[in-house]
Amino acid sequence: MREIWGEQFAGAEKFLDSATYGLPSRRQTDALRTALDDWESGTQDTSAFDEAVDAARSAFAELVGAPTDSVTIGSTTSALVGLIAAAVPDSGRVAVQRGEFTSVTAPFATQAARGVTVEQFDPGTLEASVEEAVQASARSPKKAFDLVAVSLVQSADGRVLDTERLRRAVAGTHTRVVIDVTQAVGWKTIDLGWADAVVASGYKWLLAPRGTAWMALADSLAKTLIPHTAGWYSSETPWANTYEHPPLLAADARRFDASPAWHPMLGSGISLPWLASLDMREVEAHCVGLANRVREAAGMEPADSAIAALDVPGIEAAVADAGIRAAVRAGRVRVGFHLYNTTTDADAFIGALRRVR
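In this text, residue positions in the sequence shown follow full-length UniProt numbering: the first is 1, and each later residue adds one.
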C-alpha cells in the first residue's frame with residue numbers, strides 16, 4: 001500500500017499502465033463497496049449520487065480551466081464527441097492526426113453520408129497543416145477546416161500537442177477545435193479555455209471507474225448543438241421533471257447530460273475533487289520526471305509527457321517476466337507514470353530493459 005498526498009493506493013508497485021486504466025484509491029473502493037452493499041440490501045438512496053455528479057463536474061471544470069456550467073456529463077468520450085460531429089456542416093472538412101485514438105475520429109468519419117470528409121495528417125504536422133489551410137483559404141475559394149479534432153496527448157506514444165501553435169492558427173477564424181484530454185488530465189497542467197470543446201473519459205488518469213466522461217463546451221459551440229441524448233437528467237431539476245413533455249431542458253451545458261452511471265460517478269466524485277485539490281505542476285513534474293528517467297536509460301530524448309513508448313526487441317517479454325504492468329500499443333511497449341508511481345517502479349522497468357539490450 002502506498003500513501004500519496006493523503007490517499008492510499010494498493011497495487012501501485014510496478015503498475016505502469018495508467019494510460020490503459022488508472023488505480024482507485026482505497027477511499028474510493030471503500031465508498032464503492034459500501035454503495036454496493038446498500039444496493040444489495042435495498043437501502044440505496046439514488047438521489048444521493050447527485051452529490052457525486054456535482055462534485056465531479058466542478059472538479060473537471062477546474063482541472064481543464066473551464067466554467068462549471070459549461071461542463072456536460074456522459075459515459076464515453078465518443079458519445080460526447082458525437083454530439084459535435086452531428087453538427088458539422090454538410091460537406092464539412094475535419095482535420096485529425098494520423099494514428100489518433102478512434103474515439104476522436106470515428107464520430108466524424110460516420111458523417112460521410114452528409115459529405116463530411118476527415119483528413120489525416122502525420123504526427124507532428126497537424127498544427128502546421130491547419131495553419132497552412134487557414135492561410136490558403138484567404139487566397140483561394142477552398143475553405144479552411146470546419147473543425148480540428150485531436151488529443152492533447154496521444155494514446156499510442158504520449159506525443160504532446162503544440163496547443164499554442166494550434167491556438168494561433170485558428171484565432172479569428174471559424175474553425176472549431178475539439179481536444180480530447182483523456183491521456184492528459186490528471187497528470188498534466190491544462191489551460192484550454194480557448195478551445196471550443198475539451199472532453200475526457202474518467203477511467204485513466206482521473207482514476208475513476210469506467211463509464212464516466214465529461215465535456216466542457218464553449219457557449220458559441222453549445223448553441224449550435226442538438227441535445228440528441230437528452231433525457232430526464234437533462235432537465236433543470238431532474239428529479240422533479242421525470243415525466244414532462246416537452247422536456248424542460250437546463251439552460252446551461254446540463255441540457256446535454258446523459259443519465260449518470262451511479263457507481264462510476266460515485267467513484268468520480270471522490271477521485272476528481274482530490275486531483276483538483278493538488279498542485280498539478282508538481283504532479284506533472286513528478287510523472288514526467290519518471291518517464292524521462294526511462295527515456296534516458298533507453299537512449300531516447302527527454303520529452304514533456306508522462307507516457308513513453310519503446311520499440312526494443314524482447315522488451316515485452318522482459319517486462320512481463322519482471323511482473324511489470326504495461327501495454328503494447330502500435331507495436332511498442334507503452335508505459336505511463338502517475339502520481340502513485342516512484343523511482344522504484346521506473347528502475348524496475350529499466351532493469352528489464354537492460355536485460356534485453
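Source of the hints: derived by calculation from the structure; they are not laboratory data. For clarity, every value in this text was computed on a predicted model and none was experimentally measured. Note that CB positions come from ideal geometry on N, CA and C, so glycine has one too. A few of these clues could be false.
Across the chosen pairs, the derived CB separations fall in these ranges [to be verified]:
# : residue 1 : residue 2 : range
1 : T102      : A136      : 21 to 31 Å
2 : T110      : P247      : 22 to 32 Å
3 : T110      : W5        : 12 to 22 Å
4 : R139      : A317      : 48 to 58 Å
5 : R167      : D90       : 43 to 53 Å
6 : T68       : D311      : 21 to 31 Å
Now for the hints, and whether the structure bears them out:
1. At about 29 Å, the beta-carbon gap between T102 and A136 stays in the expected band of 21 to 31 Å.
2. A C-beta distance of roughly 26 Å is found between T110 and P247, which places it inside the suggested range of 22 to 32 Å.
3. Taking 12 to 22 Å as the suggested C-beta distance range, the pair T110 and W5 does not conform, at roughly 41 Å.
4. Take R139 and A317: their Cβ atoms lie about 54 Å apart, and the range 48 to 58 Å holds.
5. In this structure, R167 and D90 break the distance hint of 43 to 53 Å, their C-beta atoms being roughly 27 Å apart.
6. A hinted range of 21 to 31 Å is violated for the C-beta pair T68 and D311, which are about 42 Å apart.
The earlier numbered hints that this structure contradicts are 3, 5, 6.
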